[in-house]
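Protein chains in written order, with the working numbering: chain A, 1 to 281; chain B, 1 to 281; chain C, 1 to 136; chain D, 1 to 136.
These are computed hints drawn from the structure, not numbers from a lab. Any given hint could be a false lead.
Which residues of chain A face chain D? A few of them, derived with a C-beta cut under 7 Å, are [as the list claims (entries may be wrong)]:
hint : residue
1    : Trp103
2    : His265
3    : Pro280
DSSO-like cross-link-like pairs, simulated, lysine-lysine; straight-line CA separation at most 27 Å [as the list claims (entries may be wrong)]:
hint : chain 1 : residue 1 : chain 2 : residue 2
4    : B       : Lys121    : B       : Lys93
5    : C       : Lys115    : A       : Lys32
6    : A       : Lys162    : B       : Lys93
7    : C       : Lys43     : B       : Lys121
8    : D       : Lys68     : D       : Lys43
9    : A       : Lys93     : C       : Lys43
10   : B       : Lys4      : A       : Lys121
11   : D       : Lys43     : B       : Lys93
12   : C       : Lys115    : A       : Lys121
13   : B       : Lys4      : B       : Lys93
14   : C       : Lys124    : A       : Lys32
15   : D       : Lys43     : B       : Lys32
16   : A       : Lys93     : A       : Lys32
17   : A       : Lys32     : A       : Lys162
18   : B       : Lys32     : B       : Lys93
19   : C       : Lys68     : B       : Lys121
20   : A       : Lys121    : D       : Lys68
21   : B       : Lys32     : D       : Lys68
22   : A       : Lys93     : A       : Lys4
23   : D       : Lys124    : B       : Lys121
24   : C       : Lys68     : C       : Lys43
25   : D       : Lys43     : A       : Lys121
26   : B       : Lys4      : B       : Lys162
27   : A       : Lys93     : A       : Lys121
From the three backbone atoms N, C-alpha and C, an ideal C-beta is built for every residue, glycine too.
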Amino acid sequence: MMAKIIGGYFTSHVPGIGGAIMRGDQETPYWKPFFAGFPPIREWLAEARPDVAVVFSNDHGLNFFLDKMPTFAVGAAPSYDNADEGWGLPVYKSFEGHPALSWHLIDSLVRDEFDITTCQKMLVDHAVSIPFELAYPGVESWPLKLIPLAINTVQYPLPSPKRCLALGRAVHRALQSWGGDERILICGTGGLSHQLDGPRAGFMNPDYDMFCLDNLAANPDALTGHTAEQVAELAGTQGVEILNWIAARGAMGDVPLAEVSRNYHIPISNTAAASLLLEPA
Amino acid sequence: MMAKIIGGYFTSHVPGIGGAIMRGDQETPYWKPFFAGFPPIREWLAEARPDVAVVFSNDHGLNFFLDKMPTFAVGAAPSYDNADEGWGLPVYKSFEGHPALSWHLIDSLVRDEFDITTCQKMLVDHAVSIPFELAYPGVESWPLKLIPLAINTVQYPLPSPKRCLALGRAVHRALQSWGGDERILICGTGGLSHQLDGPRAGFMNPDYDMFCLDNLAANPDALTGHTAEQVAELAGTQGVEILNWIAARGAMGDVPLAEVSRNYHIPISNTAAASLLLEPA
Amino acid sequence: MVPQPATAITQEQSLRRAIPLFDGALATRGYELNAMCFSFNEKANRDAFLADEDAYCARFHLTPEQRKAVAERNVLAMLDAGGNVYYLAKLAGIFGLGVQDLGALQTGMSVDAFKAMLVTWAEKIPHARIPQKENA
Amino acid sequence: MVPQPATAITQEQSLRRAIPLFDGALATRGYELNAMCFSFNEKANRDAFLADEDAYCARFHLTPEQRKAVAERNVLAMLDAGGNVYYLAKLAGIFGLGVQDLGALQTGMSVDAFKAMLVTWAEKIPHARIPQKENA
Ligand SMILES: [Fe+3]
Ligand SMILES: [Fe+3]
């Protein structure tokens with residue numbers, strides 16, 4: 001039996017979501033339209049029972065600093081802890097890792113000429129934890145193992161959308177050549193459009209977001225026509241987190257995909273928030 | 001006036017060389033045949049007066065650990081300190097950096113789809129210091145600025161010789177597009193054949209070394225026919241440091257090169273030691 | 001249709017300066033400030049900052065420009081001094097400021113006005129959306 | 001002529017096991033040992049190890065296999081336990097052992113015999129070398 005990519009789960013990861021969960025605000029008028037996107041995702045996951053999540057996200061100054069800032073980092077740890085990020089979120093549950101599959105990925109990516117940084121120890125931040133808090137609310141421990149891939153969205157030069165899609169496709173090839181029988185969920189977290197810093201703080205771009213949501217499944221190459229700088233202009237300085245979604249889409253492979261679920265809501269915190277679930281058609 | 005690549009300086013960086021310099025052993029029968037390779041290099045450097053050295057080497061467990069092991073790392077620091085490596089070498093002089101040129105390199109490399117790790121703080125070890133102790137013995141301070149590039153030769157998967165040559169060529173393109181008027185020296189350090197660990201400790205391979213020395217200038221692509229694993233078998237487990245030479249050769253560009261100086265001697269410590277100086281013909 | 005960048009600026013460097021984006025120039029200028037903010041992942045360090053702000057800033061060798069921006073809680077000045085928002089957010093956390101407070105501070109709006117402005121972006125959601133497929 | 005690898009092993013993984021090379025399997029096994037050795041870049045840590053080897057090894061959570069290999073100064077066993085030579089060299093430095101002592105320990109030779117063996121490689125330098133150009 002071959003490992004199987006069962007679907008792709010994409011969501012915003014705004015820290016404020018963690019605050020809302022902590023306070024139990026899911027049904028308040030402000031938060032309800034956002035949390036409404038998740039029941040279909042939870043139902044699908046309950047049915048699909050993934051064993052491993054390959055998660056593309058970006059560090060927010062917890063695990064990486066400017067002394068050693070990788071363009072692409074791949075976790076190869078036996079487990080991944082969350083930690084205090086300094087702004088009052090609870091410390092989230094640890095994830096079990098899958099070192100054997102991580103190293104298979106790493107071997108395959110380096111052979112495919114991706115110059116990754118390999119992390120045998122790695123803290124994961126809210127960008128990894130919150131998507132699973134949303135997907136599996138209230139569980140005692142995560143029902144799946146984690147392989148985290150971190151993309152630099154902090155310090156320019158960022159990898160281009162084109163390079164991120166290529167990274168994802170290389171991850172797909174690696175998963176195709178893995179001998180295990182895992183049911184693999186691909187995740188991309190972050191975005192959509194938002195900008196926290198500078199005089200343009202509060203900027204969003206529903207047009208660009210919709211362009212991304214409408215093309216991600218069927219025509220991801222459409223998202224690679226911009227440089228990372230152009231994405232920052234279009235989506236806001238933190239909207240470049242769409243790079244995580246683009247890489248995750250690549251990891252699903254160039255197969256027809258069906259949209260199981262989609263939600264888009266403005267505003268959550270300073271962000272145009274979205275969730276999306278795709279599965280092989 | 002354009003920045004100019006004035007030459008390529010390649011040398012072994014065995015820690016024992018540092019010990020010999022510390023003890024003043026340069027003229028002893030054991031060390032003399034090795035140190036004899038450097039007077040022509042020093043004379044050439046005195047004439048050529050490089051302003052900046054772009055140095056390809058590998059970390060030996062001083063700056064990087066297995067928690068975050070980059071395939072390719074590029075320094076962007078204002079200065080680079082050496083530090084205690086734990087085995088009794090003196091702490092060497094610090095290097096002044098060239099952040100503006102570093103960032104130009106980094107921008108260009110990421111645009112060329114090299115997924116580098118950017119280091120705004122970076123310790124350099126004997127692999128960077130010893131080549132300059134050999135080149136400029138006894139100077140008060142280094143007469144040139146440093147841009148260090150570190151290649152993973154520690155933990156497999158290593159980048160292939162082919163990828164390292166491509167990295168070097170991308171560095172060459174970046175230097176070509178730099179607006180400054182610096183005189184740039186390219187350096188590759190490490191090797192040649194040696195193996196420190198395991199039952200094959202003490203292994204060398206003069207045939208492979210000569211193949212590398214004979215082809216590096218005129219036909220560097222000949223060195224890319226092996227995987228990194230095959231290089232380890234041919235050159236010994238630490239002989240893979242030839243990857244630094246290959247990348248440095250790429251950074252000199254695909255121009256005709258003349259061999260100014262070459263020295264090859266066995267043994268220095270456990271190593272087949274070499275020095276080589278190339279300049280555009 | 002692929003949305004095009006709003007400006008005609010195509011040179012990456014120019015675009016970076018125009019937005020502005022945290023690139024090598026800013027990262028070089030801001031290293032000390034960002035290093036201090038990175039330290040705030042640990043509660044002991046946040047407490048040390050609160051106990052003696054001057055001493056803590058001195059320990060991280062903040063430039064005078066950075067020190068002034070921090071003392072004045074001036075977010076735009078922190079950004080000018082090379083601060084990166086991912087790290088600055090940890091400093092803001094010490095002051096009890098969230099991203100909407102930061103937004104208000106940076107745009108000169110009241111927090112309520114900033115929040116109201118955020119809501120108005122919802123009006124720009126394109127109506128012609130692909131209909132959602134029901135969960136299978 | 002391009003030298004070919006001596007064996008017919010082309011599969012990278014097999015070649016790694018045969019040499020052996022420090023790959024993911026060894027790196028996973030050896031993390032704690034290598035982390036301890038990495039700490040020996042600092043003199044205070046080397047001194048702490050010398051002062052109380054048991055306590056220092058416990059602090060780094062060495063596996064029983066790793067602890068035994070260190071206690072016995074058994075280099076091949078340290079390698080089997082996932083130690084990487086770049087980090088192990090710092091431990092060897094504490095014991096006053098250089099790379100030729102390590103070579104002797106690993107090959108079962110005396111240090112003098114190991115050194116003599118190193119010299120013999122010089123005999124294999126190919127005679128047909130490209131003549132050296134004089135310094136211009
Ligand atoms: Fe984020
Ligand atoms: Fe070395």
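**Asked** Against which earlier hints does the structure fall short, listed by number upward?
**Response** Of the numbered hints, 2, 3, 6, 10, 12, 15, 17, 21, 23 do not hold.
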